[in-house]
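Asks: For reference, the chains in residue letters:
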Amino acid sequence: MNELLAIIEQEPFFEDMAPEHRRLLAACAAKRSYTAGTRLMRDHEPTETFWLIREGQVALESPLREGSVAFQTLGPGDILGWSWLLPPYRASYDARAVTDVHTLRFDAGVLRERMEADPTFGYVLMKHFAALIVQRLQAARLQALDIYSHGGSEHGH
Amino acid sequence: MHVMAPQAVDTLIRLLSGDGYEVVGPTRRDGAIVYDRVGGLDDLPVGWTDEQAPGHYRLRERDDDALFGYVVGPHSWKKYLFPPEETLFRLTRQPDGSFVTEPGESHVPPRAFIGMRACELAAIDVQDRVFLGQAVQDRGYAARRRDLFMVAVSCAEPGGTCFCASMDTGPRARKGFDLALTEVIDATQHFLVAEAGSDAGRAMLDRLEPRPASDTEQTAAERVWAEAPEKMGRQMPGDAREVLNRAFEHPRWEETAERCLSCSNCTLVCPTCFCSQVEEVPDLEGQRTERVRRWDSCFNQEHSHLVGGPHRESVAARYRQWITHKLATWHDQFGTSGCVGCGRCITWCPVGIDITEEVTAVRRDPEGRG
Amino acid sequence: MATDAAATLPDQAMAPQAWRIHSVRRDVASNEVFSWTLYPEPGVELDAAPAPGQFNMLYLFGVGEVPISVSAITDDGGIVHTIRAVGSVTRSMQDLEAGAVIGLRGPFGTAWPLEQARGRDLVLVAGGIGLAPLRPVIHAALQRRSEFGRVVVCYGARSPGDMIFRDELDAWEARDDVDLRITVDRGTAAWRGNVGVVTQLVDRGGFDRRNTLAMICGPEVMMRFTASALERRGLKPEDIFVSMERNMRCAVGFCGHCQIGSHFVCRDGPVFPYPVMEPAFRIREL
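Residue numbers (this note's numbering), protein chains in the order written: chain F, 1 to 157; chain Z, 1 to 370; chain P, 1 to 286.
Hints were generated in silico from the structure; no laboratory data involved.
Here a beta-carbon is modelled for each residue, glycine too, at the ideal position from N, C-alpha and C.
Please note that a few of the clues may not be correct.
Some chain P residues close to chain F (C-beta under 10 Å, calculated; not the full set) [unchecked claim]: (1) Y39; (2) V195; (3) V198; (4) S228.
With the sequences and hints as input, model every part of the structure.
Replies: This is the structure we're talking about:
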């Protein structure tokens, strides 16, 4: 538990959180490792979990895309999974370990109950996840813009 | 203070020609007063004046024989110092695939400019800073600028689109000339007051054999200088730079863009606009080619060409670029306003967009609430 | 009134000088990106050696001139330029082979502030062909490796096939004193690396927020979001530098085409401190 708390305290994602909120998170966390090729999430399946990736790489893949080509990869420091936050609590893509992956795995079902019971905690965690989702959304937009295609130029950009 | 008869201008032109100068001055052509070669007083628009208003220019005969009874026309001296087209380099292919580069500039005769207005002296100072005041100097400009003999005229009757008084560049010629003339004309008298501004000017003035001004003549000249600033057709707000520096997102630019034809007239008649582009002009055999510089305008879409498309695609952005550069960012670049208050851009705009009115409108409504 | 304008003008600033293409390297399957190693013809000499970040005007006889950043500087007076064939001039240049003579004038503009990075972590973020203008600064930093803290090189490309200088990227990858991070916007089945925008490489940190200098080169939107990501990581805006792209023609502040607000990109840039260019990212069509 103290070890988990120490890990959480060092992660930028949990920065600015009150000590009691970090303790709540640590209480729902466990260290988990996955070998390369493991599927952590499967599109459309119920999910009551999110992960903090500590080592290794995870690929997010949409089964709709041919040959399951990754549309995004996550690495150390990244959070995987937010489907647990909102109904219907189902994953919207596949997540596959590209390498061996070491994580903190959070029991989101329990966390969600805590968030309902303690709206201050609920608001803080929701805010952190909202910021994360916005960041991912912006990144997806940039990706969709295909910025390197006409980029550049005669001057060498 | 020295006084000369109007006829002295004829002598001046002939003396300068005799000294080897190509003498250029105002002359009447195609319904406008333009700058061209002059051989004597007869070539000047004696007895003519101009009516100027936004999008409006018309010559009219005066009821006197004033030599300089008009203001500035569509031309400026820029066309001589920074010509509309200039071959910068001629390159020749060598047998080994290499090439030789030679300057394209041919010999330029020393020139004398007659009848330069105070705003035009200021405009040359502005272009000097662009072409001579940066790390690299423009060789052609420097050559043409050298050995110039400049005869200024202080404006007695500013025009309808003039606003040099509010730009602090005129109407009296105070510096940057070899000779400056002030014309005094009324029912009883017609003479020129002459001042020298350089050694060359003093030497020339001596040869014109002026006489000292009497007290009444001096008073008459001083009245011209005192009254001219009151006759300005327009005025630029003194804080134009600050106003524009806060107005990048002002809705006024969209409104102005609905009228602006993006025709680039304003930049062509402007005596300080310096944008240019260089074109490659190869011969048919591909053995010789020239790098030819031509005036360009920030109103042309290709001016802001980038690979993905022009950076300033909208007319609003191009108008904003022009006016903001002219009145605000020019200060940061060259330590002076890029506008000298000559009013040409107002007169020659086909739809009469008025630079002073644009600034005034933004100033009146800085937030653009309408 | 006569001026004292100096008769001795640095003509070299305006006139193309003859340089010979020593070798051509072609990157990217489409051959759209190519690099020339250039040496001056006899009698041709630059006023100053180009510094990383600066650009030259490259000229093709009978065709025209384009501004191209320096992509590498060799020890023996050669200059490498990496060019993407996207316009009429660069497309004509695309077909030239070793031995051909082109025109060159320069160097122009501002350089990357490598000296300011001494004793600090260095973060270099390149997008697309923006790797080319950052290459000489990476070379210089690696040559003087001990003078800097951590060296983080982030590179974002459209797809694995669009990456340039792959051999060099592999060499940097193999070094344990460079933290090389690569991502592509679109992966392939064979691609084992990162997928996602280049900003997420910055989001992973790995540098001292209080003591880092960052240099960014790529499309404007990429530089804007990368600068924001670096700020989010705690970097001060003044420790971030960007290289701007505008229609540079004369390269010396005469022709007016490359203005961004008060700045001539050719003269005052192309490398600018981020706070100076921040308005240009924010104000449309500035």
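Asks: Each of the hints needs a verdict: does it hold here or not?
Replies: A quick look at each hint next to the structure:
1. Y39: 20 Å, violated
2. V195: Check passed: Cβ of V195 of chain P comes within 5 Å of chain F, closer than 10 Å.
3. V198: 9 Å, holds
4. S228: With a minimum Cβ separation of about 9 Å from chain F (threshold 10 Å), the hint on S228 of chain P holds.
In this structure, only the earlier hint numbered 1 is contradicted, and the remaining ones agree with it.
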